[in-house]
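Now for the letters of each chain:
Protein chains: 2
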Amino acid sequence: MIAFVNNEFIEAENASLGLTDLSIQRGYGIFDFFRTSNHIPLFLDNYLDRFFNSASLLRLQVPHSREDLKQIITEMISRNKIADSAFRLILTGGYSPDYYEVSSPNFFILQQPVQLPDKKKFDQGIKIILHEYMRDFPQVKSTNYLVGVYLQHKVQQHKADDVLYFKDGNILEFPRSNVFAVTKEGTVITPAENVLQGITRMKVLEVARKLYAVEERAITVDELKNAVEVFLTSTTKRIIPVLAVDNVKVGDGKPGEITTSLYNAFLEMEKINL
Amino acid sequence: MIAFVNNEFIEAENASLGLTDLSIQRGYGIFDFFRTSNHIPLFLDNYLDRFFNSASLLRLQVPHSREDLKQIITEMISRNKIADSAFRLILTGGYSPDYYEVSSPNFFILQQPVQLPDKKKFDQGIKIILHEYMRDFPQVKSTNYLVGVYLQHKVQQHKADDVLYFKDGNILEFPRSNVFAVTKEGTVITPAENVLQGITRMKVLEVARKLYAVEERAITVDELKNAVEVFLTSTTKRIIPVLAVDNVKVGDGKPGEITTSLYNAFLEMEKINL
Chain A
2 MIAFVNNEFI EAENASLGLT DLSIQRGYGI FDFFRTSNHI PLFLDNYLDR FFNSASLLRL
62 QVPHSREDLK QIITEMISRN KIADSAFRLI LTGGYSPDYY EVSSPNFFIL QQPVQLPDKK
122 KFDQGIKIIL HEYMRDFPQV KSTNYLVGVY LQHKVQQHKA DDVLYFKDGN ILEFPRSNVF
182 AVTKEGTVIT PAENVLQGIT RMKVLEVARK LYAVEERAIT VDELKNAVEV FLTSTTKRII
242 PVLAVDNVKV GDGKPGEITT SLYNAFLEME KINL
Chain B
2 MIAFVNNEFI EAENASLGLT DLSIQRGYGI FDFFRTSNHI PLFLDNYLDR FFNSASLLRL
62 QVPHSREDLK QIITEMISRN KIADSAFRLI LTGGYSPDYY EVSSPNFFIL QQPVQLPDKK
122 KFDQGIKIIL HEYMRDFPQV KSTNYLVGVY LQHKVQQHKA DDVLYFKDGN ILEFPRSNVF
182 AVTKEGTVIT PAENVLQGIT RMKVLEVARK LYAVEERAIT VDELKNAVEV FLTSTTKRII
242 PVLAVDNVKV GDGKPGEITT SLYNAFLEME KINL
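So the sequence lines, in the order shown, correspond to chains A and B. Per the working numbering, the first sequence starts with residue 2, numbered consecutively. Per the working numbering, the second sequence starts with residue 2, numbered consecutively.
Be aware that one or more of the hints could be misleading.
Said to hold, decoys possible - With beta-carbon atoms standing in for the labels, derived distance ranges: (1) B/219 with A/186: 44 to 54 Å; (2) B/105 with A/98: 42 to 52 Å; (3) B/116 with A/135: 37 to 47 Å; (4) A/85 with B/105: 50 to 60 Å; (5) A/262 with B/157: 29 to 39 Å; (6) B/105 with A/69: 33 to 43 Å; (7) B/39 with A/203: 35 to 45 Å; (8) B/137 with A/223: 36 to 46 Å; (9) B/157 with A/168: 44 to 54 Å; (10) B/19 with A/39: 24 to 34 Å; (11) B/157 with A/69: 27 to 37 Å.
Calculated from the structure, these hints are not laboratory results. All C-beta atoms in this analysis are idealised placements derived from N, C-alpha and C, irrespective of residue type, glycine included.
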């Protein structure tokens, strides 16, 4: 497997960072994460937009142009030959002489095989728990998952599959996914602020607007618990129904009609873009 | 310079981590930081206590016993021959196959020369600004400094030297130091909760209790702004007077009497422990 580190392609197993890098020392880094289907990147421009935006918000300079990045990605696709894969672009604060000030960034790209959940996994859905927390820079895809990784223990203790953050009574996002709900009136709703602007979230909003009433707005925990359907969106999961919140069934405990129709519409949209 | 990585001593410049380490991918790591004076570690047991405590709170296993760590440190002191140095022990979430779940931790120790501020730097003091923020696990010395590193830009814009966090009207800590104040009545006060339990903070409290009334408790921003003396404590700075908060002079804008007496008492305590 070939990785790209700073300016060169190298064997992924030999790829490393020196210990003074600010991602190791101070958790200062951003990344992005997209996938390929049958060797073709999906929604690449949207992911690159977000990557450059995250970098800019944390005052890091991406050391390659968008066109260069696309060429590097194309070369990795052709050399690694993984049809269905996920690409991870990471940009760090660089080697910092004083272990604190941002320096010349380190940049690398990793590719890995990825298997998306099938229809059976969709039908099984997931159970989630809630936890009060808001990420430090919600609009930035930073490498700071201290709370998310820590909470894996709590998720497992509760025999749940994921944890949904809320803050001051409003739901926000999962550590690695966005959340949607469907109201009794059939309106598709998702939190508007203080969440990462997920690319799958954006695409699901696009297809949802053609089919249903859609609202991006604040959603209380109570509203979530009274929703008739709840689902998550993520790059590697597309859409997964949430069938229980804190052990209370959502709707009738099965994937809802609107969730299923959005899932099918999203699969169609994917095909058009591949 | 020799570093210690997992189980071996290696040249620091060759020390590295593979890119799947959770400190790089997810900012999941803890560390500690102590210094040596004339080749002798200062308050080592206190720092090791805190290191093991941080690891335990984030459910990471330190792969060496306390006695082993002391032997490794002793060997680095004898091989690197840096009289006045800082040691950095880092423990990460390890190489994670799924880039998220904690794995077998990576552990390393770095040593670097350090120069402590002299009496002139003490007399110059520092200017600080305030910023609303509380760290995610205040009692853990994690590697997450995303906000602190980001705020360096704001600190420089305001021609200040550091930034003090507050939350819900109460002051907390600097990104890398603790804060103390002296009230009009001559009581030495420092925040009790939601801050890292600094080792220098602990030692300054010890010497302060012999000389003055001391209170560990919640301190409002207003109380800070009305304090007659303010200072910070840190491993590599000992005690530094804060002479301005948000451009408003503290006391008469010079290092205060109590701050100075604590600084002298701390230097005495250091000598006894070396």
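The hints, checked one at a time:
no.	hint	verdict
1	B/219 with A/186: 44 to 54 Å	holds (46 Å)
2	B/105 with A/98: 42 to 52 Å	violated (30 Å)
3	B/116 with A/135: 37 to 47 Å	holds (39 Å)
4	A/85 with B/105: 50 to 60 Å	violated (29 Å)
5	A/262 with B/157: 29 to 39 Å	violated (52 Å)
6	B/105 with A/69: 33 to 43 Å	holds (36 Å)
7	B/39 with A/203: 35 to 45 Å	violated (60 Å)
8	B/137 with A/223: 36 to 46 Å	violated (26 Å)
9	B/157 with A/168: 44 to 54 Å	violated (30 Å)
10	B/19 with A/39: 24 to 34 Å	holds (29 Å)
11	B/157 with A/69: 27 to 37 Å	holds (31 Å)
Of the hints listed earlier, those the structure fails to meet are numbers 2, 4, 5, 7, 8, 9, in rising order.
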